[in-house]
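Peer 1: Residues per chain, in single letters:
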Amino acid sequence: MLGQSLQLLFAGVAQGCVYALVALGFVLIYKATETVNFAQGDMMMLGAFFGLTAATILGWPYWATILFAITVMAVIGMGLERVVLRPVLGYPTFTVVMITIGIGYVIRGIVTMVPGWGTETHALPTPFGNGVVRIGGAVIAVEQIAVIGMTAALVAALFLFFRFAKLGVAMQATSQNQLAAYYMGIPVQRVNMMIWGLSAGVAAFGGILLAPVAFVHSNMGFIGLKAFPAAVLGGFGSVPGAIVGGLIIGIVESFAGFHLAEGFKDVAAYVVVLAVLLVRPSGIFGETVSKKV
Amino acid sequence: MRFLFKTDYDQDIRLFQHGGQMFWYGLLAVVLIAAPFLVSEYVLSQMQFVCIYAIVGLGLMLLVGYTGQISLGHAAFLAVGAYTEALLQSKGVPFVLSISCAALFAAAIGVIVGLPALRLKGIYLAIATLAFNVIVEEIITRWDAVTGGSRGMHLKAVQLFGYPLTSDASFYYLCLALTALACLALINILRSPTGRAFVAIRDSEISASCMGVNLAKYKTMSFALSAALTGVGGALYAHKVAFITPEQFTLLTSIELVTIVIIGGIGSLHGAVLGAAFIIVLPQLISMAKDFLPEGAPAAGVQSVVFGLILITFIIFEPLGLYGRWIKIRTYFQVFPFYRRGTFQRQRAYLKSERLR
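These protein sequence lines are chains A and B, in that order.
Just so we're aligned: 55 in this note's numbering is position 55 of the first sequence, and the numbers increase by one with no gaps anywhere.
Just so we're aligned: 61 in this note's numbering is position 61 of the second sequence, and the numbers increase by one with no gaps anywhere.
The shape of chain B in the complex, shown without the other chains (with noise of 0.2 angstroms):
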């Protein structure tokens, strides 16, 4: 077991706790960066998905994970980012523009959605983003002469300071390079006073106002940056397809971007990257369990059925998620052979209605 000794306060915010951290993230950067030579052009597709999805999911995870808000229409951002991307880049204007400019849109709705949530709590807030992402869907469905309405919108390959990135490879590193910037971003942002007052604000917003915190300040803020990560995200992945459609930012998108954030593990930059892979790989590993289905079941339905029972099972049998079972897996070889089931045990609360009727 190893035991951190600190005897500077720096220690407590470094980016790197201790060496092995550096040793085995350095590792994961050298194979990643390597995975172009190593993995076919399928996997390698794939793994631009889980990139856009990440950074989508780090998004969400400081909005839903760290600030305790929840939202149920991060589709309608994604949308805005995807569709802001696609109109920029019709009218020619540079890459690194555009996308900025999908990100700074997306925050600017984001900050339009955030501000109901300064008053609604809960399951009603949760109701309004809902309805947001219905009426964003619509209003990208009518809007015919912008957007193209059901017909879709086409997009052209990504053009980097004149360079065009054509190939996978060069598409995987401009993916990569926003992931990890991303992660670095929230980072930085979690270990500063601001992050501090995301979690605040989520363990309990009375505490956290009586301690000086701007609840309306750091929630719009919040949300503002969340919808800007995932506008970047959206711009990614409208270059990623090629071809959007209002179908593709529905409701049910937005279901699935809040199961990365669960499954992932709720509360850790790590858990949103392990969601957005595991959400990814899922549907592959369904097609190569189907030889073992029975004849005749259709597809859509077995991949719902898989969907909503790993989605149970992980919250009733996992409620930290993916990186709260390693976390969990870490310590029973750390502790060795001290391990107690009850370590991660979680408070059960009774439940008492603030209603009075």
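Chain A on its own, in the form it takes in the complex (with noise of 0.2 angstroms):
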């Protein structure tokens, strides 16, 4: 029974892992630009067809894989925050929100169109084979291990980027009130277009580690729809807050997928973010502040 909820807990993990990724690139556009980049999960998957084309068709090493398909994104989604979001900066935060619902269908489509990519679904090589590890009682995959170490290990290295790094300084300034950075010698477009930059390069990390646990498809983008109550869980523009919501959600949905009726599943998560919300309007990590007129 212990060995079995062990189990069902590293899965729930490894799952959660990847929400928590996702989640940190709405976090980070969020914090960045108070918009809500509902293509964050079209983005991963996007990210994922580009590790897909350098895996299976070019032939290139995991490692080489992970580093073209962060760097394409991340030009991309520079390269999106320049031409779309730029032009509308200071509007009304939904507008902005719709302009990315739009970049979200824009991607689909165009993805189905690729030859090669399509809309079948495709494999995704890993190297680290389909060992397992036994851990009183517990079976756990080698590959579910490696997905939760290196997202530990991508969340260590944004940590330091934020707390050391002059860049990453700059964003938190950014984010926190637009007219003083640029007061303080900001460049606060450019820093924005970095941001989105990062936040695509992070989501396209994020869609190579979910290649283990699910195929590459044109429609994996909606698992976007779960690693946003993963976001608002953990309270919107909070970096600590997307990691724990994403690891709720995951565990949560493990193990109601085993312990409850079959389609619980798949709402459990969005059950947990409206008792959530309900309780705490702004999240678990969220801070209420009352606005000024």
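Do not rely on the hints blindly, as some may be mistaken.
For each label pair, taking beta carbons as the anchor points, the in silico distance ranges come out as [said to hold, decoys possible]:
#1 A:Thr121 - B:Trp143: 24 to 34 angstroms
#2 B:Ser287 - A:Phe162: 43 to 53 angstroms
#3 A:Thr95 - B:Val199: 33 to 43 angstroms
#4 A:Tyr183 - B:Val199: 34 to 44 angstroms
#5 A:Thr121 - B:Leu215: 25 to 35 angstroms
#6 B:Tyr332 - A:Arg86: 53 to 63 angstroms
#7 B:Leu309 - A:Thr121: 24 to 34 angstroms
#8 B:Ser204 - A:Leu160: 52 to 62 angstroms
#9 B:Thr166 - A:Thr121: 36 to 46 angstroms
#10 B:Leu309 - A:Pro115: 13 to 23 angstroms
#11 A:Asn219 - B:Ser287: 19 to 29 angstroms
#12 A:Phe215 - B:Ile187: 23 to 33 angstroms
#13 B:Trp143 - A:Trp63: 42 to 52 angstroms
If you are wondering where the hints come from, they were derived from the structure by calculation, not from laboratory data.
We treat Cβ as the ideally placed atom computed from N, Cα and C, and that holds for glycine.
Bring the two chains, given one by one in their own frames, into a single complex with the hints.
Peer 2: This is the structure:
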């Protein structure tokens, strides 16, 4: 019984790590530009497809695949910010949200039209094999441990970046007060562009990590809709919140899928987020500050 | 240019501001009533869809455009309306009663969704309504005994006071009449104190509450009204397609409904109707343009790309939507040759987060 729970826990955490990465992408963009990027899931899908191209068509090793996907997606993310988002900088939030929904539609449509990608499902090869580790009766796949480890490494790197790098601090300043950041000599628009690049890169990483768990498919972007509850649960705008929220959603889903009737697994995330929002309207780590007129 | 010289307070809230409006709306009414005799059966069927989407668009416009609350879950209200209608019809309840029940039940659900809206703002509200949509869809799929699950439900033609509305024209008149009623109802609500309270909430919640607007009451009311209209739209939709399954009411449908409001033009009733017409006509335009596209491009992909591009272009170049474009053209001619490009320029705001970290 204990071993089974441990096994479910690991499966949930591995799945939760992917949610957390997508949620992290949401939060990064939200923190900086107060925009929710509804295309985050589709950017993850695009990143996974670039990874697939590098791995199967070009035959590159796994680490090169990851680097390639992250780089390409970062460039695409920066391009999107420059071309689509910058003209609407300073418009009401909902307007910008609708634009990102439009971006999502375009990405999904384009992927189905690219030869070699199309609407079929593809499997992305990983170097981890099918090995398992046995811990006290629980059977845990090496793939899952790898996913958890790589997510932890990325989160640590991001933490150091935001804490110590000049650009990271500039990004934090931009997210708090754009006008003040301008006065301090921070090129706010360029920083915004880089945040979009960073977020797209994180999305690509998430897409590749998802590959051992799920197939690469033009509709895999809908997993972004699961990452929303994750980001909201932790409180939009809180980086640790995104990670915790993602893990909670992953674990809840994993246990609900095993213990409850069929169908509960898919809605579990949304039920949890509704419940949390009813108690804390701005998430677990979110702050409620009353608005000044 | 027309000058309206107002000598009476009643002139401000009159249904038609001047004779010109009365003439043009009258002409529109005549054309719409004569439509079944003028256009082909296919066009008439599309016009039924436009009417249905217009009712839903009006409901959503009240919530998004006038009260300023975001909803990404309106497909759920559409589903509630559609399934209520389907169930009641199968039990033999007359149409007038069943469509009222569909509206009331949707409104009741709207109140339930509206309650968290009192505490949630902006993106949190969007996520809550999104979650609500997913949960409703799942409930409909799983509640096999009542809703038929993913096998769906069949509907018969509408029976109005004993007369079956089997012909296209009669159902079209029903949709048209309900759309006109919905328009009139919303115009009346919006020029009453209730409507003013909605607009005040949209423009600034704090100012509104300082002016004595009961936020909780009016937000819930806005959700209920919006849901009721969407429920009516859902009931008509169910009759129109005659076969409903949970897959018709997904999150993507919700997004499509919001697009009606955005493309039509936020904050105008005209916009809701124009947006509905646009959403219905768009797939036809795309299929007509298919001849110019490269061979072998999948239809769904092309549609999705075009849909996304139109959404993006509209928001960047025409944030006021189709109706905003018409206002600009009209102003151009009214003040010819003095139109300035900056007349409708929107204010941008520097972003200052309310978060501390």
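Peer 1: What hints, given by number in increasing order, does this structure fail?
Peer 2: 3, 5, 6, 8, 12
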